[in-house]
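Protein chains: 6
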Amino acid sequence: MSIINSQFDPPITAVRRIVAMAIAEDLEPNADVTSNLLDIECQTRVNLNARQSGILAGSLCFNETFYQIDPTVEVNFLFKDGDRFNDGQTIATIAGNFSKVLTAERTALNFLSHLSGVATLTDLYCQRAKRGNDKVRVLDTRKTTPGLRALEKAAVRAGGGVNHRGNLSEAVLIKDNHLGGIAVGEAVSIARLRWPGKMIEVECDNLEQVQSAVDSNATVVMLDNMNFEDILSSVDLVKKYNETSSAKILVEVSGGVSLDTIEKLASSKCDLISVGAITHSAQIVDFGLDLIG
Amino acid sequence: MSIINSQFDPPITAVRRIVAMAIAEDLEPNADVTSNLLDIECQTRVNLNARQSGILAGSLCFNETFYQIDPTVEVNFLFKDGDRFNDGQTIATIAGNFSKVLTAERTALNFLSHLSGVATLTDLYCQRAKRGNDKVRVLDTRKTTPGLRALEKAAVRAGGGVNHRGNLSEAVLIKDNHLGGIAVGEAVSIARLRWPGKMIEVECDNLEQVQSAVDSNATVVMLDNMNFEDILSSVDLVKKYNETSSAKILVEVSGGVSLDTIEKLASSKCDLISVGAITHSAQIVDFGLDLIG
Amino acid sequence: MSIINSQFDPPITAVRRIVAMAIAEDLEPNADVTSNLLDIECQTRVNLNARQSGILAGSLCFNETFYQIDPTVEVNFLFKDGDRFNDGQTIATIAGNFSKVLTAERTALNFLSHLSGVATLTDLYCQRAKRGNDKVRVLDTRKTTPGLRALEKAAVRAGGGVNHRGNLSEAVLIKDNHLGGIAVGEAVSIARLRWPGKMIEVECDNLEQVQSAVDSNATVVMLDNMNFEDILSSVDLVKKYNETSSAKILVEVSGGVSLDTIEKLASSKCDLISVGAITHSAQIVDFGLDLIG
Amino acid sequence: MSIINSQFDPPITAVRRIVAMAIAEDLEPNADVTSNLLDIECQTRVNLNARQSGILAGSLCFNETFYQIDPTVEVNFLFKDGDRFNDGQTIATIAGNFSKVLTAERTALNFLSHLSGVATLTDLYCQRAKRGNDKVRVLDTRKTTPGLRALEKAAVRAGGGVNHRGNLSEAVLIKDNHLGGIAVGEAVSIARLRWPGKMIEVECDNLEQVQSAVDSNATVVMLDNMNFEDILSSVDLVKKYNETSSAKILVEVSGGVSLDTIEKLASSKCDLISVGAITHSAQIVDFGLDLIG
Amino acid sequence: MSIINSQFDPPITAVRRIVAMAIAEDLEPNADVTSNLLDIECQTRVNLNARQSGILAGSLCFNETFYQIDPTVEVNFLFKDGDRFNDGQTIATIAGNFSKVLTAERTALNFLSHLSGVATLTDLYCQRAKRGNDKVRVLDTRKTTPGLRALEKAAVRAGGGVNHRGNLSEAVLIKDNHLGGIAVGEAVSIARLRWPGKMIEVECDNLEQVQSAVDSNATVVMLDNMNFEDILSSVDLVKKYNETSSAKILVEVSGGVSLDTIEKLASSKCDLISVGAITHSAQIVDFGLDLIG
Amino acid sequence: MSIINSQFDPPITAVRRIVAMAIAEDLEPNADVTSNLLDIECQTRVNLNARQSGILAGSLCFNETFYQIDPTVEVNFLFKDGDRFNDGQTIATIAGNFSKVLTAERTALNFLSHLSGVATLTDLYCQRAKRGNDKVRVLDTRKTTPGLRALEKAAVRAGGGVNHRGNLSEAVLIKDNHLGGIAVGEAVSIARLRWPGKMIEVECDNLEQVQSAVDSNATVVMLDNMNFEDILSSVDLVKKYNETSSAKILVEVSGGVSLDTIEKLASSKCDLISVGAITHSAQIVDFGLDLIG
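Chains as they are written, first to last, in this note's numbering: chain H, 282 to 574; chain U, 282 to 574; chain Z, 282 to 574; chain G, 282 to 574; chain R, 282 to 574; chain L, 282 to 574.
For the record, the hints were derived by calculation from the structure and aren't laboratory data. Please note: incorrect hints may appear among the correct ones.
Which copy is meant is left open, because identical chains are indistinguishable; a pair holds if it fits in one copy or across any two.
[To be verified] Restricting the straight-line Cα-Cα distance to at most 30 Å, the calculated cross-link-like pairs of lysine-lysine (BS3-like) are:
1) 545 <-> 520
2) 361 <-> 550
3) 361 <-> 456
4) 416 <-> 550
5) 361 <-> 545
6) 411 <-> 456
7) 361 <-> 529
8) 521 <-> 545
9) 456 <-> 416
10) 545 <-> 529
11) 529 <-> 550
12) 545 <-> 411
13) 520 <-> 411
14) 520 <-> 361
15) 521 <-> 361
Full structure from sequences and hints, please.
Okay, here's the thing in structure tokens:
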């Protein structure tokens, strides 16, 4: 089995655990009642082909699915996570027991299709955003599919996006409703004291809050559901501050971003645009297994 | 905590297990570094409000998330799974420790948004299909999100769809590539012998195969990626057979069905139309928590 | 390690998970305090021999136990699941580290003995039943050992039996106490609407109920604890219906079936006889490991 | 929910874990497709009745099954583990949601029937043994059902038996094939040095080995598959030693013990008789749920 | 059961999972063979008393242990995590079934003793460090006990320390051996591009590396095993940079820090001192349960 | 990968399970964000070197960590568990993908350092004890790190210590507060009846209790927190009894034993001294990975 190491690989522990769950939910209690009806010793060679273009993600999960069902099946990937492929291209070759290949097919494809879907949609958002500003980066959110966060965040990276905090413990994100009457600056100070070096982000609804966040020297200022003029003013405010500052405060635009709006939002010269849709509403990329010869 | 029993409830074992995984991936290692910055004894009352219309699914998971994070938080649902709601309606009320409510918010919403998304898209497909034939039913597939099948299949039911086989062991689905030269009728006979009473479905690419499947008295004949004329002829063939038969063979149309094509496909008078998109490519339904007063 | 693929193999996920549990319960906390007392590098060759005749089941679990304890131990099976063996025959050969072989021995035998016991008892019921009617088939039930259902259902298949529903979600089984005043026909219609293609079975205590079940075109009619005359009348009723019907309704006899009664019950020409005892009360088949030479 | 504490309770961790597995295997993926067909709010009261006499075991598992499926169902036990009951007696009362009671019924009964079966068979072996010698005790073995050892060993205690070592790490059991040419006495000395205070048992095939085991002051001498005369001589040998010794070496008779042979074996005045059958080949005790009124 | 919410609480998911493991390893297979020897219905009241002074951590785990063994046992804490207590003070009161209290005692104490040990040693390092510089903070490391990181990091916070990265994915820590000939500045740039807002730390062995790290505007500069003069020069270098910078680069001193050296190291005016010993080599704090009256 | 079998190996099931947990807690959600910044195909060769002398334990866990992260990394151990090594010696060699070696490094070292710390402290206690009495053995206790008991007990054996009961079900340990007015002798009799052959230990606070324990022929008499004169008298009492007894009752000294007191305690000629500190308060042994050449 040959899988190509990629900088976008998710943690192997998550891959093994989630693949085992997915196989169990498809096989138990009585295994595959169709594929073992006939000759169970028959061998096969099939190709994994793309049925549409996209960005690859999920190859580790695809491999692991075949490996857990039958370690003697050979899977060889011709592309690696993060690679762009076209409709019709062969992504991998598979050789081994035919019955076992049929058993593994759907679960392996479910991983590859979903995760490549995330990567491909991320890539699309990135392309649109870069039309507005070629430095801007697309961020994911915590709006991920329950249980699959580690896999989906890796797919976002494969698609050219960057990851916002991985979970509630990785970064501080202060919203109005955390404050209870306390000033933003004070909240940031408390956070900085408790969590030195950690990213501290402040969610802002208006320019005054942006000014407070900048004054508190937050790592990231998030402009939440602002209108475009306020976004422009906010970006301007932060960029002016950054001109004379060694710390470059990042500006993130957030809230209901779509493929239609991202180019304009990017043109504000903000640094980051977070898009929930790339993980919570990505459509799959279609792949299929085809017999060779 | 009051949750309304629903005929669409997923198995409680899956709910508990997957919610525990989802909370762990959002909380570990260092818990919520933001919500406990300030007053950790503060109480709150919030409403779960719909930000768009749809069909509810996932209320058990939403509840369980709050329960696992803090069993003293009170969640009361005003709707139950399968109910239709409108933009702006209050779906549930929540009361309890503010810090814990903030911690649970995103994970609970991820379940509700995704599963209501599946239910709502299923409902949309059902509505479109019924324009073509008000008896037709929309089927899901095994193209589900890895690890979430039990939850997504329940959401399909909440959305008015019906479930195809739950896994590889629940039903026999004979495709060409299972046969290896053996006739369909023989394969069906072998399957019937091994698995008495089990649903046996035959995937057909052309009318000859449909005839064979009917002759073998399969439970379901699947018309896979057929053109519309062949679908009409196939449905006709099966219906004619059914007229004089006590066994009513079901006809399923399958393959790349979209919201644009389902009405016409349904007008063929087929019984079932299977749609992978309702589980693999549903967009979320947007909900939010709003402070009361 | 060489294991022969069998059409009766249980799902590999269940095998791995349950074997890991069984080894853990036998080894923790302090490993095998006896087998490592002496020379821990000693190698051995042993045979797995049958101490009585029977039908093999559980070879995957036997293998997996050795594999998880020491992947360098070689296990080669000479029989496969479903094969008949005689007292004294060598079923498999094992070669490897002596200390590890001793550690694995009991757990591996516990699997093989219990599952071959299920297969062998199933075979015995099948033989007795066929004396009464050589077309009849022996069904298992949901009366399985908690946690081992997937393994025991596979063993039933190895023994020549067939599987009733695997769990509560695989088939509808309507009993009187589900009805609450609603007619059987209505209940079957509701079930058929919700679960197209799924096996629907109706449990009947008397001929009127059998008539209702036949009228509702159920997939299977279960005769529950009926006396033999009623069974004969019921089978007659259904067979008459089937003569002019393409749908062949199956008749299952159920309730306290024993080795003494199954031949007579089978002579009723029913299609299926379900026997709880083959999974809940099977005695083990005795195997042992013997040093070679 | 009222469960009566018993000295025979298995560890609660095993109960929770195995019950969760058993429910999952019966409910996933699509929950109970029958019990929720009709009125899902209907309440019920049922009795758990014995269909035959026996010794109760497994009440904790029975309770836990209902509790995990629906914590609002009330289960009240009138007997506790270890109690003797008669055919027809009510063992517990159950009140709650009818649909959930039906869902839990089979899994809860599977635990109770199997574990009471183990307890009841153990009791039967004890009774037979006591006819031969009213001081003798019946021991279980490691021949338990994979994954259920903790539950089955508790059931053995409920049935009046005593537990042999719980696993490979709890006691040293030296057999010929552990020795590799080393004398029994030396092996016992090594074991005693490594594991001070631990039970050390020596398996003996003949009188010479018994003498060696006694000389090494083993905790238990196991007479493995000896003929009755050798058993008598061996017991005599050990008892003579014990007369002048403060350490009372125990004599265990082992190997193919059956209900037919145990009385005679017990009459040898041995201390312990180990019986694999009580865990590996116990038949279930039949219980049923009956509607009240 | 009353447990006081604390800002230092570890994630509840980790608490539940690890407590379940710890109870299982102490109870299985045969439960507590001593505590149920005698009257199993006896009730008791005991106090949890400190046998030495310290800082409390682990109260959630202590509670959860009793809760999982017997939810009817009442545990009431008089102190909360992070509180200082003295030798002899009563930390909590416990009331309930005596047998269950005895069963839970050791496991509950193992958690409390170990985690309070971590908190207390952290506190001691903090006190010593503050003698040298009252602004300095003590950091933990990834040198934690396998499987207990979430619990130990919470205990560090309870002891007044702060947490370094929770795992390999939370922050970038660039060491010489990651570079392979690439300049530090370039590596930091790559990291910043991939992981916007994330803490980027550079490990430095000499002043030149410190200068490079400062030039690359790293979040934290780690002085690894430097001599004191180089530490002083490095701190000076960074502080000078910070004077004219809005970004305040943090300086961490690391490498073999002990209670003897931390005061002097702190006097360098560094911001952070990381100490592996507080998690990998903390001694326990002694607690005991004493009968009341 | 070459690992040397050792008689001190912990159960492989515990090794696999705990290593998987430890890797997951260090890698999820986003894998190693540093080690894959640069060339992910680079190969390396490193040595595992001791930074201080000690006794090796944990080699199976060290290996398993590398294996689970990347099975192609080669780890070859030059020492085995239980071996003594000196500062600077090479313990193992490692070759493989550099990025993966860096990822595995800390988790693998955490196991080896902690477990070798336990073994090394055990060895130190053994040495000190043997100055007072070269026959005395050092026992561990149940005061182990939650979740790691199987690993720590193996490390104690590697360090020359012996294991007290592994858990609450392995041995009976009667303390005053178990008795509730019942005499020690009676309690021992009950225990012996229920658990034939099992080690029965009696905890004694004074000579009278010792006399009772001896009279009841307990397996072990534990002298709990006695002053030295009472210890001498107690040992004397038991030894006198043993002179004329074939059963050699063991005497264990327990309670607050330290490196300062163990020699004197051992000089009492007791058989066993139990030391909680060897598992609950061991400091790590320092190891490091060094690049070769």
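Quick rundown of the hints versus the structure:
In this assembly of identical chains, the alpha carbons of residue 545 and residue 520 lie at most 30 Å apart only when taken from the same copy (18 Å versus 41 Å across copies). Within a single copy, residue 361 and residue 550 get their C-alpha atoms no closer than 32 Å, and across copies no closer than 45 Å, so neither meets the 30 Å cut-off. With identical chains, the CA atoms of residue 361 and residue 456 are at most 30 Å apart between copies only, with a shortest distance of 27 Å across copies and 39 Å within one. Proximity of residue 416 to residue 550 under the C-alpha cut-off of 30 Å is restricted to the intra-copy arrangement: shortest distance 8 Å within a copy versus 38 Å between copies.
For the homomeric pair residue 361 and residue 545, neither the shortest alpha-carbon distance inside one copy (32 Å) nor that between copies (40 Å) is at most 30 Å. Taking identical chains as interchangeable, the C-alpha atoms of residue 411 and residue 456 lie at most 30 Å apart only when both belong to the same chain, with a minimum of 28 Å there against 33 Å between chains. For a Cα distance limit of 30 Å, the shortest separation of residue 361 from residue 529 qualifies neither inside one copy, at 34 Å, nor across copies, at 40 Å. Proximity of residue 521 and residue 545 under a CA criterion of 30 Å is satisfied intra-copy only: 21 Å inside one chain copy versus 41 Å between copies.
For the identical chains of this complex, residue 456 and residue 416 are neighbours both inside a copy (27 Å) and across copies (28 Å), given an alpha-carbon limit of 30 Å. Taking the shortest alpha-carbon separations for residue 545 and residue 529, only the intra-copy value of 23 Å comes in at or below 30 Å, while the best inter-copy value is 34 Å. In the homo-oligomer, the alpha carbons of residue 529 and residue 550 lie at most 30 Å apart both inside one protomer (14 Å) and across protomers (25 Å), since each shortest distance falls under that limit. Within a single copy, residue 545 and residue 411 get their C-alpha atoms as close as 10 Å, which meets the 30 Å cut-off; across copies the closest is 40 Å, which misses it.
Taking the shortest alpha-carbon separations for residue 520 and residue 411, only the intra-copy value of 19 Å comes in at or below 30 Å, while the best inter-copy value is 38 Å. Taking the shortest Cα distances, residue 520 and residue 361 never come within 30 Å of each other, neither inside one copy (38 Å) nor across copies (45 Å). Taking identical chains as interchangeable, the C-alpha atoms of residue 521 and residue 361 are never at most 30 Å apart, the minima being 41 Å within one chain and 46 Å between chains.
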